[in-house]
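Asker: Produce the entire structure from the sequences given, and follow the hints as far as they go.
Taken in order, these protein sequences are the chains called A and B. Under this note's numbering, think of the first position of the first sequence as 1, with each following residue one higher. Under this note's numbering, think of the first position of the second sequence as 161, with each following residue one higher.
Source of the hints: derived by calculation from the structure; they are not laboratory data. For clarity, every value in this text was computed on a predicted model and none was experimentally measured. Ideal Cβ positions, reconstructed from N, Cα and C, are used throughout, including at glycine. Watch out, some of these pointers could steer you wrong.
Said to hold, decoys possible - What follows is a list of derived Cβ distance ranges for each label pair:
1) A/G16 - B/S317: 23 to 29 angstroms
2) B/G231 - A/M73: 22 to 28 angstroms
3) A/L41 - B/S207: 17 to 23 angstroms
4) A/N33 - B/S207: 15 to 21 angstroms
5) A/W78 - B/V324: 40 to 46 angstroms
6) B/K256 - A/Y67: 27 to 33 angstroms
7) A/F84 - B/R175: 24 to 30 angstroms
8) A/Q82 - B/S323: 52 to 58 angstroms
9) B/K256 - A/V64: 54 to 60 angstroms
Read off the chains here:
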Amino acid sequence: MATKSKNILSEARESGLARPDGGMRVPEGYFDNFAAQMSALLPDRPELQEDKAEERPRTFWAAVRPYVYMAAMFAGVWCMLQMFHMMSGNNDLAPMDSNPVLAQGLSTDDFMYDYVIGGVSSRDILDDMVDDGLTDEDLDMNTLFEESLYDNETKQILPQ
Amino acid sequence: MGTRKPIEDAALAARLRDPDTVRAAFEEAIRRYTEPLYWQIRRLVQSHDDANDILQNTFMKAWMSIENFRGDAKLSTWLYKIAINESISFLDRERKRNHMSLDDQEAAMASQIASAPDFDGDELARKLQQAITLLPEKQRIVFNMKYFDDMKYEDMSEILGTSVGALKASYHLATKKIEQFFEEHD
Numbered sequence: 001m002a003t004k005s006k007n008i009l010s011e012a013r014e015s016g017l018a019r020p021d022g023g024m025r026v027p028e029g030y031f032d033n034f035a036a037q038m039s040a041l042l043p044d045r046p047e048l049q050e051d052k053a054e055e056r057p058r059t060f061w062a063a064v065r066p067y068v069y070m071a072a073m074f075a076g077v078w079c080m081l082q083m084f085h086m087m088s089g090n091n092d093l094a095p096m097d098s099n100p101v102l103a104q105g106l107s108t109d110d111f112m113y114d115y116v117i118g119g120v121s122s123r124d125i126l127d128d129m130v131d132d133g134l135t136d137e138d139l140d141m142n143t144l145f146e147e148s149l150y151d152n153e154t155k156q157i158l159p160q
Numbered sequence: 161m162g163t164r165k166p167i168e169d170a171a172l173a174a175r176l177r178d179p180d181t182v183r184a185a186f187e188e189a190i191r192r193y194t195e196p197l198y199w200q201i202r203r204l205v206q207s208h209d210d211a212n213d214i215l216q217n218t219f220m221k222a223w224m225s226i227e228n229f230r231g232d233a234k235l236s237t238w239l240y241k242i243a244i245n246e247s248i249s250f251l252d253r254e255r256k257r258n259h260m261s262l263d264d265q266e267a268a269m270a271s272q273i274a275s276a277p278d279f280d281g282d283e284l285a286r287k288l289q290q291a292i293t294l295l296p297e298k299q300r301i302v303f304n305m306k307y308f309d310d311m312k313y314e315d316m317s318e319i320l321g322t323s324v325g326a327l328k329a330s331y332h333l334a335t336k337k338i339e340q341f342f343e344e345h346d
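Answerer: Right, here's the structure in full:
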C-alpha cells in the first residue's frame with residue numbers, strides 16, 4: 001500500500017473512503033429499523049395542540065390591552081408632571097406658616113430649643129462634618145476644643 | 161447536508177411549525193436525517209452502540225423542544241447542532257466517569273479502532289480513523305464534516321458558530337496532523 005504521507009488523504013479519497021461511513025459498518029437494516037423504532041418512542045405532545053387552540057380566540061382583554069396600557073402611560077406622565085409642578089413650588093398646598101398647628105409651634109422659642117437646638121450637640125455636628133470628609137487638617141482642632149469649653153456667661157474656660 | 165434540496169427542507173420546516181402536522185413532519189425528519197446524523201455521531205464516538213444511544217437522545221431532545229424550532233435556521237443545521245452537542249456531552253461524561261484526561265481518552269479510542277470488528281477490513285480506513293481520533297475535538301469535527309460529508313464551510317459555520325476563516329484553518333491543521341500521523345506510523 002502506497003502511504004506516501006503527502007498524498008494519504010487523496011489516496012483515501014480515491015479508495016472511496018471519503019464517504020460518510022468512512023469504512024465503518026452498521027448492523028444490517030439498522031437505519032430502516034431505527035426510524036421506525038424512534039418514531040414509536042416519541043411521546044405524544046398534546047400541549048402543542050393546546051398552544052394552537054389558545055392562540056385562536058382573541059379575548060376582550062387582548063383587544064383592549066394596548067389601549068389600557070396607553071392610558072396607564074398617559075396617567076403616569078400626568079402624575080410625574082404634577083409632581084414636578086409641586087416640587088417647583090407652584091403648587092396649591094398651604095404654605096407652612098398658614099398651617100395653624102405648625103404656626104403655633106414655630107411661634108415660641110421653646111419649640112426651637114426643645115426640638116431643634118436641644119437635640120443637636122456640637123459633637124453631632126462635628127461627627128457629621130467628619131463623615132462628609134472633613135479632616136483635622138481643615139480645622140484647627142485646638143481652637144474648636146477651646147471654644148467648646150468656653151462658657152459664654154462667665155467668659156471663662158470651663159474646667160475639664 | 162448539502163445534498164438535500166432546500167425547498168424540501170423549507171416545506172418540512174413549515175409542517176413542523178404547524179401543530180396539526182408536526183408529528184408526521186418530525187417522523188419524516190427522522191427518516192431523512194437518521195443516516196447523516198448517525199455517521200456524524202459515529203465518527204466522533206466510534207462505537208456503534210454509543211452512536212445509537214446518542215442519536216436517540218438527539219431526536220428525543222429535538223422532539224421535546226420542537227416548539228423552539230422557528231424555521232429561521234435550517235432544519236438540518238438545528239439537528240446537527242443538537243447531535244454534536246450530545247456527542248461532546250457524551251464524551252465529557254465518559255471522560256469524567258473513567259477519570260481520564262482528553263489525551264488519554266483519544267488514545268484509548270484510537271487503540272479500540274485498531275481492534276474494532278466493524279470496519280470494512282481496509283487497513284487504510286482503520287488507520288485514517290485512528291489518526292482522526294487523535295485530533296483535538298474541534299478539528300476532528302471540522303475534518304469529519306469537510307472530508308467525509310463534503311459540507312460547505314458556510315453550513316459548518318452555522319452549526320459550529322465559528323467563522324469560515326477559523327474553520328478553514330482548523331481543517332488545514334487537521335490534514336497536516338493526519339499526514340504527520342501517517343509519516344510516523346508508516
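Asker: Range first: 17 to 23 angstroms. Now tell me if the beta carbons of A/L41 and B/S207 are that far apart.
Answerer: holds, 21 angstroms
Asker: Range first: 23 to 29 angstroms. Now tell me if the beta carbons of A/G16 and B/S317 are that far apart.
Answerer: About 28 angstroms separates the Cβ atoms of A/G16 and B/S317, which means 23 to 29 angstroms holds.
Asker: Does the hinted range 54 to 60 angstroms hold for B/K256 and A/V64 at CB?
Answerer: This hint holds: roughly 55 angstroms between Cβ atoms.
Asker: Return holds or violated for the Cβ distance of A/Q82 and B/S323 against the range 52 to 58 angstroms.
Answerer: At 55 angstroms between Cβs, range holds.
Asker: Holds or violated: the 22 to 28 angstroms window for the beta-carbon distance between B/G231 and A/M73?
Answerer: violated, 34 angstroms
Asker: Look at the Cβ atoms of A/F84 and B/R175 and judge whether their distance stays inside 24 to 30 angstroms.
Answerer: Given range 24 to 30 angstroms: violated, Cβ gap about 57 angstroms.
Asker: For the pair A/N33 and B/S207, does the Cβ-Cβ distance stay inside 15 to 21 angstroms?
Answerer: For B/S207 against A/N33, whose Cβ atoms are near 18 angstroms apart, the range 15 to 21 angstroms holds.
Asker: Could you see if the CB distance from B/K256 to A/Y67 stays within 27 to 33 angstroms?
Answerer: The hinted range 27 to 33 angstroms is violated for B/K256 and A/Y67, with Cβ atoms some 56 angstroms apart.
Asker: For A/W78 and B/V324, compare the CB-CB distance with the range 40 to 46 angstroms and indicate the outcome.
Answerer: Cβ of A/W78 to Cβ of B/V324: about 55 angstroms, so the range 40 to 46 angstroms is violated.
Checked against the numbered hints given earlier, this structure breaks hints 2, 5, 6, 7; the rest are met.
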